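Asks: Chains G and S supply the protein sequences, listed in that same order.
Reading the first sequence from the start, the letters are residues 1 to 634 in the working numbering.
Reading the second sequence from the start, the letters are residues 1 to 378 in the working numbering.
It is worth saying that the hints were derived from the structure and are not from the lab.
Only a predicted model underlies this, so the values are computations on that prediction, with no experimental measurement involved.
Hints may be right or wrong, so weigh each one.
[To be verified] If we take Cβ atoms under 7 Å as the criterion, some of the chain S residues that face chain G in the derived model are: (1) Ile246; (2) Gly247; (3) Gly249; (4) Gly250; (5) Phe326.
[What the hints assert, rightly or not] No more than 27 Å apart at the CA atoms, straight line, and that leaves these computed lysine-lysine pairs for DSS-like: (6) G/Lys99 / S/Lys219; (7) G/Lys96 / S/Lys219; (8) G/Lys248 / G/Lys264; (9) G/Lys193 / G/Lys612; (10) G/Lys371 / G/Lys382; (11) G/Lys96 / S/Lys168; (12) G/Lys510 / G/Lys532; (13) G/Lys612 / G/Lys264; (14) G/Lys426 / G/Lys494.
[As the list claims (entries may be wrong)] Simulated restraints, written as ranges between beta carbons of each label pair: (15) G/Ala18 / S/Ala150: 21 to 31 Å; (16) S/Met200 / G/Val43: 25 to 35 Å; (17) G/Ala18 / S/Gln58: 40 to 50 Å; (18) S/Ala150 / G/Gln11: 50 to 60 Å; (19) S/Val66 / G/Thr151: 53 to 63 Å; (20) S/Gln58 / G/Thr151: 24 to 34 Å; (21) S/Met214 / G/Ala18: 35 to 45 Å; (22) S/Ala204 / G/Ala109: 32 to 42 Å; (23) S/Leu164 / G/Thr151: 17 to 27 Å; (24) G/Lys123 / S/Ile91: 51 to 61 Å; (25) S/Ile202 / G/Val43: 32 to 42 Å; (26) G/Ala18 / S/Ala160: 22 to 32 Å.
Ideal placement from N, C-alpha and C gives every residue a C-beta, glycine not left out.
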Amino acid sequence: MPWLKMDSQRQEVSQFKARLWWALLLIVLVFVGLISRLIYLQVIQHEHYVTQSDNNRQQLQALAPTRGLIYDTNGVLLAGNRASHSLTLVPERLIKGHKGIDSMLTELAEVVTIDQDDIKRFKRRLNQPRRPFSPVTLRFQLNPTEIAQITVNQHRLPGVRIVPELVRYYPMDDGFVHALGYVGRINDRELAKLDSVNYSATHHVGKLGVERFYENELHGTVGHQTVETNARGRVLQVLERFEPVPGKDITLFLNAQLQQAAVKLLEGKRGAIVAIDPSTGGVLAMASAPTYGANQFVTGISNANYQALRNSDDLPLFNRALRGRYPPASTVKPVIALAGMDTGLVPRNYSLWDPGYYQLTEGGRFYRDWKEGGHGRVDMHKSIVESVDTYYYAIAHLMGNDPMTKYLAKFGFGQVTIADQPEATKAVLPTKQWKRINRNASWFPGDSLNLGIGQGFLSATPTQIASMTMVLANKGQWHQVRMIKAINGQAVTKVSDIGRNDPKQPIDIKLKRNSDWDGVHNAMIDVMHGAKGTGRRSGANSSYKMAGKTGTAQVLGIKQDSTYDADKIAERFRDHGLYIGWAPVNNPKIAIAVIIENGGGGSSAAAPLARKLFDLYVLEPKPEVKSEDNVGGS
Amino acid sequence: MADFQRSAPDAKGHLRKGPGLWVKLRLDPFLLILIFAIMSFGLLVLYSGSGASDAAVQRQSIRYGVALLVVIFITQMNLRHVQRWIPLVYIAGLLLLLAVLFFGVGAKGAQRWLELPGLPRFQPSEMMKLAVPLMVSWYLGSRPRPPSLAHVFVAILLVAIPVLLIAKQPDLGTALLVGSSGVFVIFFAGLLWRYLIAAMVIGAAGMPLLWMGMREYQKQRVLTFLDPESDPLGAGWNIIQSKIAIGSGGINGKGWLQGTQSHLDFLPETHTDFIVAVLAEEFGLMGVCLLLALYFLVLLRGLVIAGSAAHPFDRMLAASLTLTFFVYVVVNIGMVSGLLPVVGVPLPMVSYGGTSAVTLMASLGLLMSIHARRPQRT
Numbered sequence: 001m002p003w004l005k006m007d008s009q010r011q012e013v014s015q016f017k018a019r020l021w022w023a024l025l026l027i028v029l030v031f032v033g034l035i036s037r038l039i040y041l042q043v044i045q046h047e048h049y050v051t052q053s054d055n056n057r058q059q060l061q062a063l064a065p066t067r068g069l070i071y072d073t074n075g076v077l078l079a080g081n082r083a084s085h086s087l088t089l090v091p092e093r094l095i096k097g098h099k100g101i102d103s104m105l106t107e108l109a110e111v112v113t114i115d116q117d118d119i120k121r122f123k124r125r126l127n128q129p130r131r132p133f134s135p136v137t138l139r140f141q142l143n144p145t146e147i148a149q150i151t152v153n154q155h156r157l158p159g160v161r162i163v164p165e166l167v168r169y170y171p172m173d174d175g176f177v178h179a180l181g182y183v184g185r186i187n188d189r190e191l192a193k194l195d196s197v198n199y200s201a202t203h204h205v206g207k208l209g210v211e212r213f214y215e216n217e218l219h220g221t222v223g224h225q226t227v228e229t230n231a232r233g234r235v236l237q238v239l240e241r242f243e244p245v246p247g248k249d250i251t252l253f254l255n256a257q258l259q260q261a262a263v264k265l266l267e268g269k270r271g272a273i274v275a276i277d278p279s280t281g282g283v284l285a286m287a288s289a290p291t292y293g294a295n296q297f298v299t300g301i302s303n304a305n306y307q308a309l310r311n312s313d314d315l316p317l318f319n320r321a322l323r324g325r326y327p328p329a330s331t332v333k334p335v336i337a338l339a340g341m342d343t344g345l346v347p348r349n350y351s352l353w354d355p356g357y358y359q360l361t362e363g364g365r366f367y368r369d370w371k372e373g374g375h376g377r378v379d380m381h382k383s384i385v386e387s388v389d390t391y392y393y394a395i396a397h398l399m400g401n402d403p404m405t406k407y408l409a410k411f412g413f414g415q416v417t418i419a420d421q422p423e424a425t426k427a428v429l430p431t432k433q434w435k436r437i438n439r440n441a442s443w444f445p446g447d448s449l450n451l452g453i454g455q456g457f458l459s460a461t462p463t464q465i466a467s468m469t470m471v472l473a474n475k476g477q478w479h480q481v482r483m484i485k486a487i488n489g490q491a492v493t494k495v496s497d498i499g500r501n502d503p504k505q506p507i508d509i510k511l512k513r514n515s516d517w518d519g520v521h522n523a524m525i526d527v528m529h530g531a532k533g534t535g536r537r538s539g540a541n542s543s544y545k546m547a548g549k550t551g552t553a554q555v556l557g558i559k560q561d562s563t564y565d566a567d568k569i570a571e572r573f574r575d576h577g578l579y580i581g582w583a584p585v586n587n588p589k590i591a592i593a594v595i596i597e598n599g600g601g602g603s604s605a606a607a608p609l610a611r612k613l614f615d616l617y618v619l620e621p622k623p624e625v626k627s628e629d630n631v632g633g634s
Numbered sequence: 001m002a003d004f005q006r007s008a009p010d011a012k013g014h015l016r017k018g019p020g021l022w023v024k025l026r027l028d029p030f031l032l033i034l035i036f037a038i039m040s041f042g043l044l045v046l047y048s049g050s051g052a053s054d055a056a057v058q059r060q061s062i063r064y065g066v067a068l069l070v071v072i073f074i075t076q077m078n079l080r081h082v083q084r085w086i087p088l089v090y091i092a093g094l095l096l097l098l099a100v101l102f103f104g105v106g107a108k109g110a111q112r113w114l115e116l117p118g119l120p121r122f123q124p125s126e127m128m129k130l131a132v133p134l135m136v137s138w139y140l141g142s143r144p145r146p147p148s149l150a151h152v153f154v155a156i157l158l159v160a161i162p163v164l165l166i167a168k169q170p171d172l173g174t175a176l177l178v179g180s181s182g183v184f185v186i187f188f189a190g191l192l193w194r195y196l197i198a199a200m201v202i203g204a205a206g207m208p209l210l211w212m213g214m215r216e217y218q219k220q221r222v223l224t225f226l227d228p229e230s231d232p233l234g235a236g237w238n239i240i241q242s243k244i245a246i247g248s249g250g251i252n253g254k255g256w257l258q259g260t261q262s263h264l265d266f267l268p269e270t271h272t273d274f275i276v277a278v279l280a281e282e283f284g285l286m287g288v289c290l291l292l293a294l295y296f297l298v299l300l301r302g303l304v305i306a307g308s309a310a311h312p313f314d315r316m317l318a319a320s321l322t323l324t325f326f327v328y329v330v331v332n333i334g335m336v337s338g339l340l341p342v343v344g345v346p347l348p349m350v351s352y353g354g355t356s357a358v359t360l361m362a363s364l365g366l367l368m369s370i371h372a373r374r375p376q377r378t
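I would like the entire structure built from these sequences, with the hints used as guidance.
Replies: If you want it as structure tokens, here you go:
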């Protein structure tokens, strides 16, 4: 029955064709579905995806401003910027994201040296709040070999980037840190306080000193750019750029050559030298010894090095010039003498017979002079020239606390006198009230005697003592003691010129009789040039005249050292040597304070140092500085 | 549609003119023109998607050339004579798949390639894309239709064994294509609707089982498909980025070579599986619709060929190959536009790649071959 077969075949064909129609229907429906989806994405949601696409490829990047430079008074660069390459990771771009960090660190360790310290600090930075896709620094200061190593291996190190940035560099490092301070990486605490927008691209902030005080001026204003990046974050093209405003350049009064000389003179010693230009109040030198290198703090000092600095008995991190509290000892005698004369409590022609000691009451305690047997008949002039303690015991007893502390305050004791060093302390000016609060005791006549020779409760920082010297040299005229000379070429006479708060500065001292200044000046000249002056050896053979006063501070309470090194203890019990002075006498260009811890007498330990600096500064007013100016390249 | 109803008078017309060049070559000019059109468009997009790489376009052109030779080779074969070799090819394919399972090489946790000494590296699973529909068509074509349940069961086994072997490599995309090509044959063999619906119900019920059998990365893909935002920089990255590329293209596109998504490396695999995102970004909705229209014409031609074929084997094979081509297009574009999970299915005649291009062209060659031996009244 072929027709039957034909029939079933025809039936099969028509059934097949029906299924083809079904298939066509399916195809049409699915294609309509696909096109609807595309219309949804490309027409309805178009705007949304355009935004996402722009966000994807366009990224707003903050641009760090270049930090302002710091120059010395002659234009020698003290703080510059140099290129530094950092090794960074972008965790989001690692193959396994944050989970891939550890394996990436191991891989990187094969290419460059990474120690445990680096990893520890990297992890800490990683845990700080950060924007997604921002690089986290693993190591700073890659050397060219390391940069090459990483670049060569870049293809198997996705998410690893070398980021160049300008970092602070101090061309003349050792010895300037206590004057300039330094910048370091921004830490959590600072991050909370800083303007997050302006610092969005900045990694360093002034930590100490001038760098810290003038942070706002030095930092500048952040810029930004819109860049096109690929998914790996590589910048392909800059679309729009707003240049950052670089920080302002600051010129200091600091004289690099004088500073270097001061540092050299202090080498191997513990102590401080502060030199001020009496005609301006500008700090010419501020040295504290021992010192340390600031550059290592910029990129992050290793823990071992930091502990070594921290634990050193000589306290190199301690800024003695600003924070060291020393008894000013005999260096305050000119001020005490002036106090006595100006208050009228001590007659100008007052004199006494010095037996080598002083007693408050007959048969009472002996207050000894430094010279056994005494100085004989002593008046004000001789008391300064020969630094007669007995004379000051006597006039201190005559005056009591109030007149002395009042005049000491006029010279800046008990206050921060320097305007732009945030670490400066005010030390102790022991008024009766101070003693009541701090010692819970009344002021005794014996306290006055100690105060009269600049000992006892009285303490002052080398900067304060130098300020006092400036005012003495200026016959009472104050200037704001400051580091800054000019900003962006504009002179700064007070920090309020640039919108900062001036420190509370004593008013200029007007004595009832101007001749009293001359009396004290003459005596201080004879300290240096008189036959019996305590500083005569340092004043000898000079082509100019100088005025000065030596001091020797007894080291009373010694902190018990944990090590019982007999030599060391003996050394630490030795007197501090002090010296103040200015030169030239008639037209003071430099007022100086020198303190040498445990250096022995001031005339031998401190005065010779000052003389060398006087010579350097007075005889060579425009010194040439050999500069190790290698800033800019790396 | 009128086309395949007019098949007989059409054939008459041919006869009157005498056999032309196309008939002698046994090529279908209609399909051929469509193929050239899609390939040209594809090369244009590939140039952009490969990052303006002349080398990639050159290599792909060579592959197309080889693929066209394969088409001519297949069309010259007499299907009737070749048919008897089909079970052998199928069994050889199965053995090779087993070999891949034990000796295969590959990357990213998948073992798909076979490196036999003296032969270039190849993927046996690609071969199964043709072997399975051929085998099932052969099996059901030589049995009464509509097929009995027993025959359907055997046919399902013929499909399931290679599919499972491929899925185990794992290569979900190819398994899907191979599986659907076999299932389409069964459908066009006239499987009763009630069985079909029953199979769908069972299939839906079997989903949880399938889930449990999946590899971790496969599960991850499904999960990511359901919620791409959950891992925007990890697994969801591809889908999110390709959606951004497509969406930001708009109606008219950003212009050739102007696609920011693809050129800035946000888009993954721009020249292979995700190439349609490049197309959508640069040529917009218009470009995608043009491509879809070309594909639609290919499918339509395939259905016409199936409808005009005389032998059940030819019919089933032609329809199955056409619909498999359709699956390629839908799965790829559905995946890239975020409608379907990410499975590795290339965009036919556009995606960069050798093996799949050759297999695809071979299937089109088979279609032409079927077309060439359609009934012609003498």
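Asks: Against this structure, judge whether each hint is valid.
Replies: Evaluation of the provided hints:
1. For the restraint placing S/Ile246 at the interface with chain G, the shortest Cβ-Cβ distance is roughly 5 Å, inside the 7 Å limit, so the hint holds.
2. The interface hint given for S/Gly247 holds, since its Cβ lies 3 Å from the closest Cβ of chain G, which is under the 7 Å cut-off.
3. A distance limit of 7 Å between C-beta atoms decides the matter here; for S/Gly249 the minimum to chain G is near 6 Å, and the interface restraint holds.
4. Hint on S/Gly250 holds. Least Cβ distance to chain G is approximately 5 Å, under the 7 Å limit.
5. Interface hint at S/Phe326: satisfied, since its Cβ lies 6 Å from the closest Cβ of chain G, which is below the 7 Å cut-off.
6. For the hint linking G/Lys99 to S/Lys219, the alpha-carbon distance of about 20 Å falls within 27 Å, and the restraint holds.
7. As the CA atoms of G/Lys96 and S/Lys219 are separated by approximately 18 Å, the hinted pair is consistent with the 27 Å bound.
8. Distance hint between G/Lys248 and G/Lys264 is unfulfilled; the C-alpha atoms sit about 31 Å from each other, more than 27 Å.
9. Only pairs whose Cα atoms come within 27 Å are accepted, and G/Lys193 paired with G/Lys612 is rejected, the gap being roughly 44 Å.
10. A hinted pair counts as satisfied when its Cα atoms are at most 27 Å apart, and G/Lys371 with G/Lys382 qualifies at roughly 14 Å.
11. Proposed proximity of G/Lys96 and S/Lys168 is supported: the alpha carbons are some 25 Å apart, at most 27 Å.
12. Under the criterion of a C-alpha separation no larger than 27 Å, the hint pairing G/Lys510 with G/Lys532 is inconsistent with the structure, at around 30 Å.
13. Between G/Lys612 and G/Lys264 the CA atoms are separated by roughly 11 Å; this keeps the pair inside 27 Å, and the hint holds.
14. For the hint pairing G/Lys426 with G/Lys494, the CA-to-CA distance comes to about 19 Å; that is within 27 Å, so the pair holds.
15. Distance hint for G/Ala18 and S/Ala150: a CB-CB separation of about 24 Å, consistent with the stated range 21 to 31 Å.
16. With their beta carbons about 34 Å apart, S/Met200 and G/Val43 fall inside the hinted range of 25 to 35 Å.
17. Remark: the range hint 40 to 50 Å for G/Ala18 to S/Gln58 is upheld by a beta-carbon distance near 46 Å.
18. At roughly 22 Å, the beta carbons of S/Ala150 and G/Gln11 sit outside the given window of 50 to 60 Å.
19. The given range of 53 to 63 Å is broken by S/Val66 and G/Thr151, whose C-beta atoms sit roughly 40 Å from each other.
20. At about 31 Å, the CB distance of S/Gln58 to G/Thr151 agrees with the hint of 24 to 34 Å.
21. Distance hint check for S/Met214 and G/Ala18: the Cβ-Cβ separation is about 36 Å, which falls inside the suggested range of 35 to 45 Å.
22. Range check, S/Ala204 to G/Ala109: about 53 Å between beta-carbon atoms, so the 32 to 42 Å window is missed.
23. For the pair S/Leu164 and G/Thr151, the beta carbons lie near 48 Å from each other, so the given range of 17 to 27 Å is not met.
24. Taking the beta carbon of each, G/Lys123 and S/Ile91 are about 59 Å apart, inside 51 to 61 Å as hinted.
25. Range check, S/Ile202 to G/Val43: Cβ separation about 40 Å, and the 32 to 42 Å hint holds.
26. Separated by about 27 Å at the C-beta atoms, G/Ala18 and S/Ala160 satisfy the suggested range of 22 to 32 Å.
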